[in-house]
Amino acid sequence: MRDIDNSLTEAEVDSALKRLPAPVVAPQFADNVMRAIESRRSRNVHVASRKAWVWAVAAAVTVLVTAGVLRMGRAPTLPPGTKLVRFAVRLPGAQRVALVGSFNGWGRRIALRSGRHGLWTVRVPLRLGQYTYVFVVNGHRILPDPHAEGYRPDGFGGKNSLIIVGSRGVFA
Amino acid sequence: MRRMAIVALVAWVCVIPLTSWASVPVAQQLRQSHLSPGQVSRLMREAQRNHVSARAVDSWAESFSVLAKNKLPVSLAVGLVFEGLMKQIDSARITKGLQVFVGELQGAQKTLGKHVLPGTLVGHPHAKQRALSDLVIAQRSGLDAAALDRLLGPHRLSVSHLSVFVQAAADLRNWGMSPGKVVRVLRDARHRGVTTHKLLSLDASLARQVAHGHKPRNLGAQFRHGLDLGSSMNPGGFSGPAGAMSTMPGGGVGMPGPGGGGPGGAQMGGGYP
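Protein chains in written order, with my numbering: chain A, 1 to 172; chain B, 1 to 273.
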């Protein structure tokens with residue numbers, strides 16, 4: 001078998017190529033090729049960016065789920081000088097019960113959740129101090145806590161319940 | 001067209017303050033009575049919601065001004081108004097209650113000035129506010145200025161010390177002890193140098209008993225015994241401040257509140273269940 005590379009000279013190859021017919025190429029051939037390359041490149045970039053976005057969402061979900069699992073069963077951290085106070089009242093016939101008091105400047109009503117046997121409860125984080133409060137039954141009836149630690153006249157002829165968070169004498 | 005829209009917008013912006021409730025003189029007076037902008041807007045909003053007349057709000061603003069001029073905490077009176085509005089109390093009753101409260105605060109200020117060490121008030125506005133509030137509560141429970149003068153004695157106390165004695169006095173009155181007896185017991189306690197910690201512990205213990213439905217029997221004797229003041233009367237079965245302390249919070253157990261053993265009440269704990 002003869003080695004082709006060694007048998008042809010450069011001049012022979014050139015003359016052979018010149019004898020070949022010229023290739024028929026469409027006028028926009030180069031443009032079409034370049035356009036095809038460009039579109040493929042942009043599609044690749046789009047897919048890559050979408051992949052990054054999906055990965056970011058997946059990572060965020062993983063972090064949230066992990067944090068949620070770790071937090072489960074553990075008490076949330078309360079700010080220093082704050083205690084979680086449970087308010088409860090037994091009102092079997094009530095439609096809704098809310099709590100309001102000096103701890104939030106007699107502002108927003110905090111809804112209690114109904115439990116078994118007409119027991120309504122809520123947990124509220126409170127800073128150490130003394131507070132007066134009442135329950136609001138069915139949106140209009142004012143009811144002092146029947147099992148409060150104490151009572152204070154409200155200045156309008158009624159009375160408020162007293163809750164002392166921490167020890168007595170601590171200023172709110 | 002564009003120019004007309006701009007003119008309309010400018011006119012609208014100018015008209016808003018003229019028609020809004022917040023622009024009436026009463027709002028300006030509220031702002032001048034040391035109320036914060038937030039308090040003014042909330043008060044105006046809630047007054048409107050409760051259909052309170054501007055005249056009634058005007059009289060409230062006057063009461064706030066009186067307090068501000070006398071260097072008394074306006075926030076206590078504002079809180080009273082918010083409480084009245086929340087309870088949907090008639091505006092006339094709120095006005096009356098506020099006027100009475102202003103008088104009570106002025107009386108409390110006189111008592112405070114007579115019995116507290118001035119240095120302990122400097123830089124402690126909350127302590128002063130609390131002491132004034134405690135003195136008002138004591139007055140409402142039936143201890144007049146003369147009784148409070150006898151109870152607090154001739155020697156000046158720190159503001160926190162005064163608060164503790166006044167709180168205990170109001171509680172004893174609310175549990176049914178006569179004003180004369182309250183003054184005698186607490187004056188003795190002060191003379192014997194009973195610590196505020198011991199007094200507070202005993203007070204808290206009695207409060208828990210009351211909350212559980214056990215009204216203290218022979219309260220005077222229990223109190224004297226609890227404070228080691230000595231008494232010829234039968235001290236009864238009260239466990240004293242040491243017993244009271246055993247239920248204080250610790251190690252995540254939480255302090256059983258008044259409703260801990262029953263269906264209602266409030267209960268303190270260290271965290272969520």
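The reader is advised that the hints may include incorrect statements.
As the list claims (entries may be wrong) - Computed footprint of chain A on chain B, listed as stretches where at least three residues anywhere in the stretch have a Cβ under 8 Å from a Cβ of chain A:
#, region
1, 74–87
2, 96–102
3, 202–211
Claimed, not checked - Here are the simulated DMTMM-like cross-link-like pairs (lysine to aspartate or glutamate), alpha carbons at most 25 Å apart as the crow flies:
#, chain 1, residue 1, chain 2, residue 2
4, B, K71, A, E38
5, B, K96, A, D154
6, B, K110, A, D154
7, A, K51, A, E38
Stated by the list, open to error - Facing chain B, from chain A, some residues (calculated, C-beta under 10 Å):
#, residue
8, S49
9, K51
10, W55
11, V57
12, A60
13, S102
14, I110
15, I142
16, A148
17, G150
18, Y151
19, P153
20, F156
These are computed hints drawn from the structure, not numbers from a lab. Source: prediction; values computed, not measured. Backbone N, C-alpha and C define an ideal beta-carbon position, used for all residues, glycine too.
Hint check results:
With 8 residues having a beta carbon nearer than 8 Å to a beta carbon of chain A, the region 74–87 of chain B meets the requirement of three or more and the stated coverage holds. Counting residues of the region 96–102 of chain B whose C-beta lies closer than 8 Å to any C-beta of chain A gives 3; at least three are required, and the coverage claim holds. With 6 residues carrying a beta carbon less than 8 Å from a beta carbon of chain A, the region 202–211 of chain B meets the three-residue requirement, and the given coverage holds. For the hint pairing K71/B with E38/A, the CA-to-CA distance comes to about 78 Å; that exceeds 25 Å, so the pair is violated.
The suggested pairing of K96/B with D154/A holds, with an alpha-carbon distance near 13 Å, which does not exceed 25 Å. Taking the CA atoms of K110/B and D154/A, the gap is about 22 Å. The hint holds against a cut of 25 Å. Between the alpha carbons of K51/A and E38/A the distance comes to roughly 20 Å, so the proposed pair stays at or under 25 Å and holds. Using the Cβ-Cβ criterion of 10 Å, the hint placing S49/A at the interface with chain B is not satisfied: the shortest such distance is roughly 41 Å.
Using the Cβ-Cβ criterion of 10 Å, the hint placing K51/A at the interface with chain B is not satisfied: the shortest such distance is roughly 40 Å. Because the closest C-beta pair between W55/A and chain B is about 34 Å apart, greater than 10 Å, the hint is violated. Below 10 Å, beta-carbon pairs count as interface contacts, and V57/A has none with chain B, the closest being about 30 Å; its hint is therefore violated. The restraint placing A60/A at the interface with chain B is violated, with a minimum CB-CB distance near 25 Å, outside the 10 Å limit.
Against a cut-off of 10 Å between C-beta atoms, the interface hint on S102/A holds, since the closest Cβ of chain B lies about 6 Å away. A hinted interface residue such as I110/A counts as satisfied when its beta carbon comes closer than 10 Å to some beta carbon of chain B; here the least separation is about 12 Å, so the hint is violated. With its C-beta approaching chain B no nearer than about 5 Å, I142/A sits inside the 10 Å limit, and its interface hint holds. Restraint check, A148/A versus chain B: the minimum CB separation of about 6 Å is within 10 Å; hint holds.
Given the 10 Å rule on beta carbons, the hint for G150/A holds: about 5 Å separates it from the nearest Cβ of chain B. The closest approach between the C-beta of Y151/A and any C-beta of chain B is roughly 7 Å, which is under the 10 Å cut-off, so the hint is satisfied. Because the beta carbon of P153/A sits about 5 Å from the nearest beta carbon in chain B, less than 10 Å, this interface hint is met. Evaluation of the F156/A hint against chain B yields a held restraint, the C-beta minimum of about 5 Å falling below 10 Å.
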